[in-house]
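Protein chains in written order, with this note's numbering: chain A, 1 to 348; chain B, 1 to 348; chain C, 1 to 348; chain D, 1 to 348.
Treat the hints with care, as some may be off.
No copy labels: a pair is met if it fits in one copy or bridges any two.
Stated by the list, open to error - Calculated lysine-lysine pairs in the BS3-like style (CA-CA distance at most 27 Å, straight line):
hint	residue 1	residue 2
1	207	282
2	5	251
3	207	5
4	223	251
5	282	59
6	70	144
7	282	44
8	207	251
9	251	166
10	144	223
11	207	259
12	207	223
13	44	207
14	223	259
15	44	259
16	259	119
17	166	282
18	5	282
19	119	166
20	94	7
Hint data in this document are derived by calculation from the structure and do not stem from the laboratory.
There are 4 protein chains.
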Amino acid sequence: MSIEKFKIGIIGATGYAGVELLRLLLAHPFVEVAAVASQSFTGKPISDVYPSLFNICDKICVSNEEVIAKSDVVFAAVPSGISQELAAQCIQNKCIFIDLGADFRLDSEEEYTEWYGGKYLFPGLHEAAVYGLPELFRHEMTGKVLVGNPGCYPTASALALAPALKAGLIETQGIVIDAKSGVSGAGRSLTQTTHFIDVNENFNAYKAGVHRHTPEIEQSLSKVAGRGVRITFVPHLLPVSRGILATCYAKATLACSEKTLRNAYENCYGDEPFIRLLPSDKEACIRNVTLSNYCDISIHFVERSQTVVITSAIDNMIKGAAGQAIQNMNILLSMPETMGLQMVPNAF
Amino acid sequence: MSIEKFKIGIIGATGYAGVELLRLLLAHPFVEVAAVASQSFTGKPISDVYPSLFNICDKICVSNEEVIAKSDVVFAAVPSGISQELAAQCIQNKCIFIDLGADFRLDSEEEYTEWYGGKYLFPGLHEAAVYGLPELFRHEMTGKVLVGNPGCYPTASALALAPALKAGLIETQGIVIDAKSGVSGAGRSLTQTTHFIDVNENFNAYKAGVHRHTPEIEQSLSKVAGRGVRITFVPHLLPVSRGILATCYAKATLACSEKTLRNAYENCYGDEPFIRLLPSDKEACIRNVTLSNYCDISIHFVERSQTVVITSAIDNMIKGAAGQAIQNMNILLSMPETMGLQMVPNAF
Amino acid sequence: MSIEKFKIGIIGATGYAGVELLRLLLAHPFVEVAAVASQSFTGKPISDVYPSLFNICDKICVSNEEVIAKSDVVFAAVPSGISQELAAQCIQNKCIFIDLGADFRLDSEEEYTEWYGGKYLFPGLHEAAVYGLPELFRHEMTGKVLVGNPGCYPTASALALAPALKAGLIETQGIVIDAKSGVSGAGRSLTQTTHFIDVNENFNAYKAGVHRHTPEIEQSLSKVAGRGVRITFVPHLLPVSRGILATCYAKATLACSEKTLRNAYENCYGDEPFIRLLPSDKEACIRNVTLSNYCDISIHFVERSQTVVITSAIDNMIKGAAGQAIQNMNILLSMPETMGLQMVPNAF
Amino acid sequence: MSIEKFKIGIIGATGYAGVELLRLLLAHPFVEVAAVASQSFTGKPISDVYPSLFNICDKICVSNEEVIAKSDVVFAAVPSGISQELAAQCIQNKCIFIDLGADFRLDSEEEYTEWYGGKYLFPGLHEAAVYGLPELFRHEMTGKVLVGNPGCYPTASALALAPALKAGLIETQGIVIDAKSGVSGAGRSLTQTTHFIDVNENFNAYKAGVHRHTPEIEQSLSKVAGRGVRITFVPHLLPVSRGILATCYAKATLACSEKTLRNAYENCYGDEPFIRLLPSDKEACIRNVTLSNYCDISIHFVERSQTVVITSAIDNMIKGAAGQAIQNMNILLSMPETMGLQMVPNAF
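Just chain A, with the same shape it has in the complex (with noise of 0.2 Å):
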């Protein structure tokens, strides 16, 4: 074809949301990865992190520098902090900049150094910058070259409680999100909490009612309700890979019926291609939803304690990062919202 393809660059590639970004990218039509950047494993191909990779991408990795210089598009998935100076970089450069980190999430700096210690280095850059959660908010996205991709949890979070909150069919206080992820959200570094032993046949909460998510969900819940939302957030390690589930619940308001319920999110959601309400007879799983971008939506009202339960599903390397970067890259592109995206999740 004689397509020109938009140039792909990837900062922190050898992370897990890294090589994900770039495996879905190598089977996105129009794009082409142009160069990937990887601190600990600069000057060795990545395929020599990944082996599954082998034959298929056996680029070297290069510095941030070289990335930025060859690409049209830079996403970075690098901790926390390291984002800012890069995003600048790539501005300068006229390279529209996805963060997969946190430093473009939050609307107040304040709130940023409270849960993340640092601050905001180019206020600038910051206002120009949108959170990347289309389904709830695509139409800030207009124009825009920076973008904030949200967290895991806030994405599977934030499109679970929203329709509820925007109908008013739940109150905005006493909000308890219990959620569940996959391993490979506590990163590739080696770390005790992730040695196979640890894991395997275990299940616990951890950072119970403090984890620097809550900000960021409580940041999208107020949006969408128009007022101040504080939630009581409590993340779990799952043994598995890959998903997260969250169990979301809220006291039902006077104007809540299992109905009025469906109806809200059937009015949010009935165009979106990557959610799926599912019927009263099919709960959200993790499985149905791995290695797609879809975000599953289960929904209970239970009536003798008039509770909503909202459970979520996604893949949380995909809907939860790699694939709503590309998501977000392809409606700053001007792109149809789901190329490259199209994945039929796999049964099993």
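With the hints as your guide, set chains B, C and D onto chain A.
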């Protein structure tokens, strides 16, 4: 030794709870397993069903009647509805009866009928029965010969929340219990939902808000609170063989603080041999209680949302079934409560 | 596009191989799934059986006849013995037939009868059929319309050993194939051996030396060796959903050395799109081929025991079933062999 | 009781074998754990490293010297090369020394140097040491005070093949041992290969033909065969926490038949408390021996290839490490060999 050992019978010995009872009782110093019954495998050695027992216990499965005739204490681990008749026969035979099913757990026949669909056939038996959750109701067990052994989820849930409720540190309404169980809780019979391919790398909620353990949990919590408690209970299926983690959420009352909360738990459980109240740097994990009779409990007071989060971990087959049944047997037989139950959990 | 797509039918679409075919064919650019049949779920949408397909493919399962009537190519993934009749109908309907079962794999009716207990009902069909292992027998496939798609173990085993046998670098007698398969190989029907509790944290051999794939492996190896090869084949059940690793042992001949061995594999497989001959610092892992059509092969020459050890890894459901079937379809339809099969395996 | 208990010390107590020793010894009726040492965690309670032990054993890790000074028996579970010095100190202190590492396993210093890269520092100690595989070499253990505890693979392999070799029913050359181990065999230290994401849903061979356990297996087999045995040994990593299955292949001699083979195993192992020779309808599974000191063995005579296939299953941490070490301690202390080791394996 010339000590006369108690003769024990197990009805439903080839189910998971039954075989776990057998395994634990084989190691109990003051009892002897006299006979085991299994409807599906009568006439076959139990080691044909569970080859782990080969050469250790090759007892032939006999009829319920033979078990009752030979035993001082009978445990039944059978589907709900079947135990009432068995209990009547045992009591008539002067045999202690410990029911691992649901027939003798609920005080209210109305609730039993609503949730389990049966009737109380022998009202006198139900009055004579005691709910065997020693840490909360040990004082009611003196002189009893008929025990309704608690469900697995109700054990984890009630132990998690009772001290805070007793001390008035949490609201009695709006309680959320998000529980996760290993697959053994679903039983040995073949179902699509327990096929390896369906469970592996998967996770989901089920029976959200409508699980039959709901009234049992509410009954225990209402008793300790001194007034009606209504909960929202959502169980999930974990891809592990054993273990339950219950994450319990409740609104803090004004009296609640980090300190009053911990004090309440220490007062309740300070001397309990099977409850480990974890310090704040340790989080309840199913791994750490697996194959033991422990219930590990972690306490969290989330200040920003004024919410109490308690996590409790048990082995669903031990503290949640067979181990607790033996603990109850020990109490009824006036043996030390920990007899035969002092297994050190394996670290991995 | 105005390209006329080939119409495809799947019989046995609700088995694991069937649904995997469906998933892959949905992404194939030049085919269209016309109809799917399932004996157990006729009249139901396939997405009721596999909710991963919800909103993507909600086709209703129809009868075998309807499938055959609507299709240019029919795949059958049904128990052995059933395909012969289906093949006859397809051939009569001028429909290409690709059988994922065992009915058209063995040249010798005698062996078929010995191992599978059936007869060859239409001898002409068996003569017309070709064994669809392209990397070894592509030259025999020209002009064929009936394919016996290889078994999963035979694919991994024959690909592993063929080059060494062809080159005369290993003895034809005394070959040992120790193979390990994920649970999907055992099928979707409910059996005790596929209950999560039986598989999880377990591992064992089964049908040692008597598995039905033995004659199929020997047939392939004998053909490439040019004389009778007899093997000892022992399969094992791995606690994973997908994948086969075959560890193959053979006595080295005098001509064998590290170098001659590697050369033999490079000569055979150098241009094969789906075989990755791994360098000596990489070891064949099921993880690296999962969800792809690759067969990864590692070569070891153990000098001290003069033994050749070849490990091969495939996804049992793709290169071992559905993927290879599509590869065969591509060949028969004169499409590029890799069409619809260029999935990049996920790194985790 | 007024029985004086033996005082036990554990060096390397925070490794997997060390903590498993501790767990088992805490339940041994005639010993008392006097002190535990850990290089990495000196000064910390062992229950900080393994919270499963919280409130059960909160002993502080002390120095090796303190352990030796306080103990009648010292177990060392440390990397190879370190034990020789420890052994010397123990023997000087009249302390029994049981080494779970490799320093005292090989008779030949030459082989030790070739495979482990060290020297025999105290030749007298090596002469005084005995190889602690009681089922094969119990008669050599009388009066010994220094034990080289066998490796996990060598235990499973030697027990599997010894009876057939002794009875002359298999050839001594061309033996293949294809072994599969759970992840605990790889140790607690953090490595990429034991990260959950790398192990989960994966399987592969490693160190094919060059694993250091090779000479140890050959040493045992040569001793029982009465002449040099050379094997091909290939280990694999299983995605489970515990357990080894060894599938062993050997060419049958003319004397071999189904019957002579089974007789040979019955003669050797008929009275062994920790070996279960399985009937032909049961297959050795790691599940059935997990958390016990059993070695389950299945015997197969494959007539069509005249090959003997023996499968053996052990818990790599118990019969393959800590349990066997305690069995050896019992022998040296003239206690019943099964003391503290009569755990009934759990069925799931």
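Homomeric proximity label, residue 70 with residue 144: Cα distance no greater than 27 Å: within (20 Å within a copy, 48 Å between copies)
Same-copy or cross-copy closeness of residue 119 to residue 166 [CA-CA at most 27 Å]: Neither way: residue 119 and residue 166 sit 32 Å apart in one copy and 45 Å across, limit 27 Å.
Within, between, both or neither: residue 5, residue 251 at alpha-carbon 27 Å: neither (49 Å within a copy, 52 Å between copies)
Intra- versus inter-copy proximity for residue 207 and residue 44 (alpha-carbon distance at most 27 Å): between (36 Å within a copy, 23 Å between copies)
Copy assignment of residue 207 with residue 282, given that the CA separation must stay at most 27 Å: Between. Shortest inter-copy distance 11 Å satisfies the 27 Å Cα cut-off; intra-copy 31 Å does not.
Up to 27 Å CA-CA - residue 251 versus residue 207, copy category: For residue 207 and residue 251, both the intra-copy (24 Å) and inter-copy (18 Å) Cα distances are at most 27 Å.
Homo-oligomer pair classification [residue 259, residue 207; C-alpha up to 27 Å]: Intra 36 Å, inter 19 Å, cutoff 27 Å: inter-copy only.
Intra- versus inter-copy proximity for residue 282 and residue 5 (alpha-carbon distance at most 27 Å): neither (40 Å within a copy, 33 Å between copies)
Identical-chain pair category, residue 166 with residue 282, by Cα at 27 Å: Only inside one copy: residue 166 and residue 282 sit 24 Å apart there, 38 Å across copies, limit 27 Å.
Residue 144 and residue 223: within-copy, between-copy, both or neither at 27 Å Cα: within (19 Å within a copy, 58 Å between copies)
Same-copy or cross-copy closeness of residue 223 to residue 251 [CA-CA at most 27 Å]: both (19 Å within a copy, 24 Å between copies)
Same-copy or cross-copy closeness of residue 282 to residue 44 [CA-CA at most 27 Å]: This pair counts as between: shortest inter-copy Cα distance 15 Å, intra-copy 46 Å.
Consistency note: the structure conflicts with the earlier hints numbered 2, 3, 16, 18 and 19.
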